[in-house]
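Fit chain C to the given chain D structure using the hints.
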Amino acid sequence: MAMDPLHDQYGLVRIYGTSRAADGNVTLRLHDRAVELGADEFTSYTRLAEWLPTGRPQTELEAELGMTRDRVERFVAMLEKSGVVYSTERIPARLTGEEFYRDYFAKFLPSWLGEAFSHPFWERMMSGKGSARLYTGWLFELYHYTRNANRHMPLSCAHTRSKPIKALRAKHYAEEWNHYHYFSKSLKALGFTEEDVRSSVPLPMTLALSNFMRQAAREDVLAYSICSAVLEGTTTDRGTYSPYYEKAAELYGIPRGAVTPIFAHLDLDVQYQHSDLFLEICRAVDTMSAERASLVLDYGHQLVEHIWMWTENIERYYEDDANPMPRRAFDPIWD
Amino acid sequence: MALDAMPLLKRTAKVSDRQHAIAISYLANEVTLEGAAASLFRKLFPHLDGKKGLGQIAETIAEPAPRVRALLEQLRTTGALGFFDDSGQTITGKEFYDLHRRYCAHWLERVYQHPLWQKLTTGTATRAQVLGFAFEKYHYIEGAYEHMAIAAANATPEMMPHLAEHFIEEYNHGDIYRRGLRSLFPNDVVLRAQPLPTTRALVNFLSESAARNSFGYYAGNELLQMTENTSDPVAGGSIDTFYDLMRKHYPYTGKLIDSFIAHTKADQSLGHENVFMKMCASVPPLTRAEVKDAMNIVRMMAEHLALFLDGIDAHYATFPTMPRTPCTLLSE
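Protein sequences, first through last, are from chains D and C.
Heads up: the first sequence runs through residues 151 to 485, numbered per the working numbering.
Heads up: the second sequence runs through residues 560 to 891, numbered per the working numbering.
Simulated from the structure, these hints should not be mistaken for lab results.
Take the hints with a grain of salt, since some may be wrong.
Just so you have them, the derived chain D footprint on chain C, three or more residues with Cβ under 8 Å [said to hold, decoys possible]:
no.: 1; region: 568-577
no.: 2; region: 746-760
no.: 3; region: 850-856
no.: 4; region: 885-891
Capping the alpha-carbon separation at 20 Å, the derived lysine to aspartate or glutamate pairs in EDC-like fashion look like this [said to hold, decoys possible]:
no.: 5; chain 1: D; residue 1: Lys397; chain 2: D; residue 2: Asp417
no.: 6; chain 1: C; residue 1: Lys678; chain 2: C; residue 2: Asp799
no.: 7; chain 1: C; residue 1: Lys653; chain 2: D; residue 2: Asp485
no.: 8; chain 1: C; residue 1: Lys814; chain 2: C; residue 2: Asp799
no.: 9; chain 1: C; residue 1: Lys653; chain 2: D; residue 2: Asp481
no.: 10; chain 1: C; residue 1: Lys611; chain 2: D; residue 2: Asp485
no.: 11; chain 1: C; residue 1: Lys610; chain 2: D; residue 2: Asp481
no.: 12; chain 1: C; residue 1: Lys610; chain 2: D; residue 2: Asp417
no.: 13; chain 1: C; residue 1: Lys573; chain 2: D; residue 2: Asp485
no.: 14; chain 1: C; residue 1: Lys851; chain 2: D; residue 2: Asp346
no.: 15; chain 1: C; residue 1: Lys851; chain 2: D; residue 2: Asp485
Every residue, glycine too, gets a C-beta built ideally from N, C-alpha and C.
If we strip away everything but chain D, and leave its shape as in the complex, we get (with noise of 0.2 Å):
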């Protein structure tokens, strides 16, 4: 199937949120800006975004809007000079470590960040209508969250060939490998034993995280650190995420020992600086091409997407009372 010219010259920009005000006009959300769209505008917008992956002639797309071609081009410039599409000839063909980092993850990453933590999860569980299983489960996940790690770390050494990269991502193992104690320590203050938190079985979700980052580590040490990076990123600011875990202690009885264990693992990561490592690595990466660039940022953005179901499947699962809490694994005697 031929394509026409705009599909190859165009691409879409992520948008990451959409409202429509009470005239009409919906205003879309980007990385960097936000973007106001008349009712008409975003009614032929939404068809060009549906119409550009496909291959069908532009014709069709002439007449779904009813615009002749050259209005079809002008009303596509406008979009991008707006910034809601881009144009592919702008894509620099290489780029330094530094600059993809700088000009490109610095900036999405709030986005990013933004999309992983919009699961209503949040909003139920800081405005009452969760419950302390919710927020137990949470925990279990995230012990096995951050055990896991002694999976995916040490195999981004395994699999690096650079020599400054591999020194940093062998020091970060060294610095995180045992952190799953912090949430050990807070499971045993809810009333478990060492016992029920070292045999349960995590959620497939939380196992898909680690699987992913295995995956992510055999293919690019790029590609599996900014997978560390979108995590640590959701630990830099204290500010940021203290007041969930206050406000769900507050609301669900959670015992101040179940929470302490969580502050000392966060500041931990700030005191290692976690979040500055992505620069320390993309520093080491004289050049890459548009298309590592791009296979690197799939990673990420996936990452994004990988934080937003598991938060989905924590509360699928444990906000039914009936599942079990830990979860155990199956015995053929006892099952």
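Structure of chain C alone, referenced to chain D:
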């Protein structure tokens, strides 16, 4: 049954005391005890923890041991009751096959009852969910290049011929789905499309299992095959109804549905229905640890399959962008 045998009511068995009777449900079965049997069970129930011998329990509850034994023997046949001292025994491949079948039917219930099926067949699924369903099935089937290859490359000597054949027969099944998707999107867009994290999770779990436990991987894969590869006319009929309803509610999916049907037929033509049974019949007896490992893979596979559906349902309802094109430096 010896007097020192230690009876254990399975922790997944549910006991409901209905005054005149006691119902014990376990997997898909339910047994009801009435009258004297129910009274005896009430006395026995607190002791069925695998820690005390049958003789000791009989003595504790002041009941004749033969009477206690008779009831426990009956409960054992339902599967709801085991004996802790069974743990040292091995089980045959045939017994494993029966165990696998029993649990798969139970673990797949969540998959069969998933709300996504209802949405797809009543016309209430969104365009993103419908197309997403097709894309994710494609990504999952295309994942054969990963997990089936890893399985073949890491196979135990006795499993190698099965896993090699499996890969060679199925590695190109993704192309069948791709043909359907190409009716709506250019080939390049389909090839570069990104799977959902939940689909990636399923493929990665298959790959990780394939790398470390050939038999467990195949047992897990068998659970997935059970949902696709049916020669049962009733199940086959419900699949046909599903496709008919999709065509009716989403007319733009015609060629996608053709590809789904072509894939089901391709799977059925391989005649894989009995492969796992034959494989089980040929393996040496399995230890409790081996059974436990394999069955945990199977249970986790069922959970990943449900997660696969959760992803299509929840993600595409919230993030309807379709298809999921890869990032570029300017797309974010």
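Consistency of the hints with the structure:
no.	hint	result
1	568-577	holds (count 3)
2	746-760	holds (count 8)
3	850-856	holds (count 4)
4	885-891	holds (count 7)
5	D:Lys397 with D:Asp417	18 Å, holds
6	C:Lys678 with C:Asp799	17 Å, holds
7	C:Lys653 with D:Asp485	19 Å, holds
8	C:Lys814 with C:Asp799	15 Å, holds
9	C:Lys653 with D:Asp481	18 Å, holds
10	C:Lys611 with D:Asp485	18 Å, holds
11	C:Lys610 with D:Asp481	16 Å, holds
12	C:Lys610 with D:Asp417	46 Å, violated
13	C:Lys573 with D:Asp485	11 Å, holds
14	C:Lys851 with D:Asp346	18 Å, holds
15	C:Lys851 with D:Asp485	10 Å, holds
Consistency with the previously given hints fails for number 12 only.
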